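Hey, can you work out the whole structure from these sequences and the hints?
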Amino acid sequence: MSLQHSDVEKIARLAHLALNGDEADAYATELSGILDLVAQMERADTTGVTPMAHPLDMPQRLRPDEVTEGDRRDFYQAIAPATERGLYLVPKVID
Amino acid sequence: MQWETVIGLEIHTQLLTRSKIFSGAPTAFGAEPNTQACPVDLGMPGVLPVLNRRAVELAVRFGTAIGAEIARRSVFARKNYFYPDLPKGYQISQYELPVVGRGAVEISLEDGSTKTIGVTRAHLEEDAGKSLHEDFQGMTGIDLNRAGTPLLEIVSEPDMRSPAEAVAYARKIHQLVRYIGISDGNMQEGSFRMDANVSVRPRGQHALGTRTELKNLNSFRFLEKALAFEVERQVEVIESGGAVVQETRLYDADRDETRPMRGKEEANDYRYFPDPDLLPLEIDTAFIAAATRDLPELPDARRRRFVSQYGLKDHDAGVLTASRELADFFEEVTEVCGEARLAATWVMGDLAAALNRTALEIQGSPVDAAMLGGLLQRILDETLSGKIAKQVFEAMWAGEGTADEIIQARGLKQISDSAELEAIVDEVIAANPKQVEQFRAGKEKLLGFFVGQVMKATRGQANPKQVNALLRKRLQG
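Chains as they are written, first to last, in this note's numbering: chain A, 1 to 95; chain B, 1 to 477.
Derived from the structure by calculation, the hints contain no laboratory data. Predicted model, so just to flag it, every value in this text is computed and none were measured. Keep in mind that the hints are not guaranteed to be accurate.
Capping the alpha-carbon separation at 27 Å, the derived lysine-lysine pairs in DSSO-like fashion look like this [claimed, not checked]:
hint : chain 1 : residue 1 : chain 2 : residue 2
1    : B       : K434      : A       : K92
2    : B       : K443      : A       : K92
3    : B       : K390      : B       : K465
4    : B       : K172      : B       : K215
5    : B       : K456      : B       : K434
6    : B       : K130      : B       : K88
7    : B       : K130      : B       : K115
8    : A       : K92       : B       : K413
9    : B       : K445      : B       : K434
10   : B       : K445      : A       : K92
11   : B       : K79       : A       : K10
12   : B       : K88       : A       : K10
13   : B       : K445      : B       : K313
14   : B       : K215      : A       : K10
15   : B       : K443      : B       : K473
Just a sample of chain A residues kept apart from chain B, beta carbon distances all over 10 Å, derived [claimed, not checked]:
hint : residue
16   : L3
17   : L19
18   : D22
19   : E23
20   : E30
21   : G33
22   : A39
23   : R43
24   : V49
25   : E84
26   : L89
In silico negatives: residues of chain B with every beta carbon more than 12 Å from chain A [what the hints assert, rightly or not]:
hint : residue
27   : R54
28   : E69
29   : N80
30   : K115
31   : I379
We put the beta carbon where it would ideally sit given N, CA and C, even for glycine.
And the structure:
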């Protein structure tokens, strides 16, 4: 399976990555290689095999519904580039 | 051309937990911005989500209540998109293997019939934070208190055929989640949010038309209005030769219209994949039994019981089981006074009117069930006439005490002493010789006049049944 230049551009856009034209072509080749490997694996007979959701063969541990985290806003916001009235400020987004 | 409307709903209901779905931060509403957001909610590097047991239990309760299969094994997935109120760059949700499978609820329609609406699935997920677009030096403010709040997303089948059916279904789910105690259903606080998928097709056609998704429907009224607008819009587009575009539209309540949404929904390519930070969720029979052990009688079953046990009309049973609190109240009043239909009349009548007038919920009623039951006892033992009882009710509402205290303090006891009544009846007869003559000549309806005179003389406190009997006896004698 081979990815087109435009496929890579779409993936990059969804991932918010800026690529230049040369990079897009390079990634198209590299990612196609990965997909080829997947295609090769897909040829294996997996009849009767349950798809694996996680490599660890154990169920999710559950925690009790208890509040264990107090308010440490000032500490967490110390590394934020901009805050105001307790809010994190980010470049304007249009809803 | 006749058009048929097809609607499916996605309802996000906030689960009643103390802490978040994957972290130990609190979920209380209304806190100062970002004081309830811990490193897991903030998407800090190196943190790991740990699933809240209670959230799973509440999802299992819902699934059981709608007769759905509970998945013995379900998987959390990442839904990827970029938005500043989603710090990780993905929302943890469930995709291919949700915790609750196919179920159904029954809705009552206006013509008295019922209809079954399928629930496709319900899955656990985390909420995002909140973006505040007011001007912060040209920037957007982000509050992550809500990030990581547990949600159950309930997805319906496209089984609804009108905005009214969609509202009936949404109300049913709203009633149910509150009944079984998994959500407070508070719409103002965003605990119950609805999105609708809607399309139209020529009547008789099997294939579905192109749908649009409506967002921002935060009340039942807006849901109905937005759907009505959108159905009309789609029909107009098609009838004027155009085609409906599959898109997300926002409802603008001020203008009562829907319009296309820009921004984050455009890409609509979420690249779901199983979240490697979370192991598969396994639920066994013992877990389901523990989670559903204290499930209350469900509203539909209770409604049917009210009809069979108390002899109520189905409509009245529906009104009285609208919320668990109201149904409990009614049953307590019935227990105290022993007369279900009288209890139903008062709960749906004077009590409902008073609650309405003062914008109170049943939980906040100044007249509690024991007090109302006590009042009805005094009607049943003929201490009070229905009319005086209404005055006593108003006095109880105003905080003057129990029915017995008010009857005592105001001297409202109904006159049932026959000697006393006989004397008053005789006075009335003696004072109105002309009417007596007419009555005896066959003008039977004058009886009402005499009853009125006796009531006037006793300030309404005479027992009407006794007055009627006495008057007939005396007048005919």
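Hints, one by one, checked against the model:
1. K434(B) with K92(A): Violated. K434(B) to K92(A) sits at ~89 Å, over the 27 Å cutoff.
2. K443(B) with K92(A): Given that 27 Å is the threshold and the Cα spacing comes to 85 Å, the pair is violated.
3. K390(B) with K465(B): With Cα atoms ~18 Å apart, K390(B) and K465(B) stay inside 27 Å; holds.
4. K172(B) with K215(B): Roughly 20 Å between the alpha carbons, so the hint for K172(B) and K215(B) holds.
5. K456(B) with K434(B): With a Cα-Cα distance of about 19 Å, the restraint between K456(B) and K434(B) holds, given a limit of 27 Å.
6. K130(B) with K88(B): Within the cut-off at roughly 14 Å; holds.
7. K130(B) with K115(B): Given pair K130(B), K115(B) is violated - Cα atoms ~37 Å apart, limit 27 Å.
8. K92(A) with K413(B): violated, 71 Å
9. K445(B) with K434(B): holds, 14 Å
10. K445(B) with K92(A): Judged against 27 Å, a Cα distance of about 79 Å means the pair is violated.
11. K79(B) with K10(A): holds, 17 Å
12. K88(B) with K10(A): Distance ~21 Å between K88(B) and K10(A) Cα, so the pair holds.
13. K445(B) with K313(B): Since the Cα atoms of K445(B) and K313(B) sit roughly 33 Å apart, the hinted pair is violated (cutoff 27 Å).
14. K215(B) with K10(A): holds, 26 Å
15. K443(B) with K473(B): holds, 16 Å
16. L3: Non-interface label stands for L3(A): nearest chain B Cβ at 15 Å, farther than 10 Å.
17. L19: Holds, because the least Cβ-Cβ distance between L19(A) and chain B comes to about 16 Å, which exceeds 10 Å.
18. D22: holds, 25 Å
19. E23: The claim holds: E23(A) sits with its nearest Cβ about 20 Å from chain B, beyond 10 Å.
20. E30: At about 18 Å from chain B, E30(A) clears the 10 Å cut-off, so the statement holds.
21. G33: holds, 20 Å
22. A39: holds, 18 Å
23. R43: Since the minimum Cβ distance to chain B is about 22 Å, R43(A) lies beyond 10 Å and the statement holds.
24. V49: With a cut-off of 10 Å, V49(A) remains clear of chain B, as the shortest Cβ separation is near 15 Å.
25. E84: violated, 5 Å
26. L89: violated, 4 Å
27. R54: Nearest chain A Cβ is 4 Å from R54(B), so the label is violated.
28. E69: holds, 18 Å
29. N80: N80(B) is in fact no farther than 12 Å from some Cβ atom of chain A, at 7 Å.
30. K115: The claim stands: K115(B) keeps its Cβ more than 12 Å from every Cβ of chain A (closest is about 36 Å).
31. I379: Holds, because the least Cβ-Cβ distance between I379(B) and chain A comes to about 47 Å, which exceeds 12 Å.
The structure shown violates the earlier hints numbered 1, 2, 7, 8, 10, 13, 25, 26, 27, 29.
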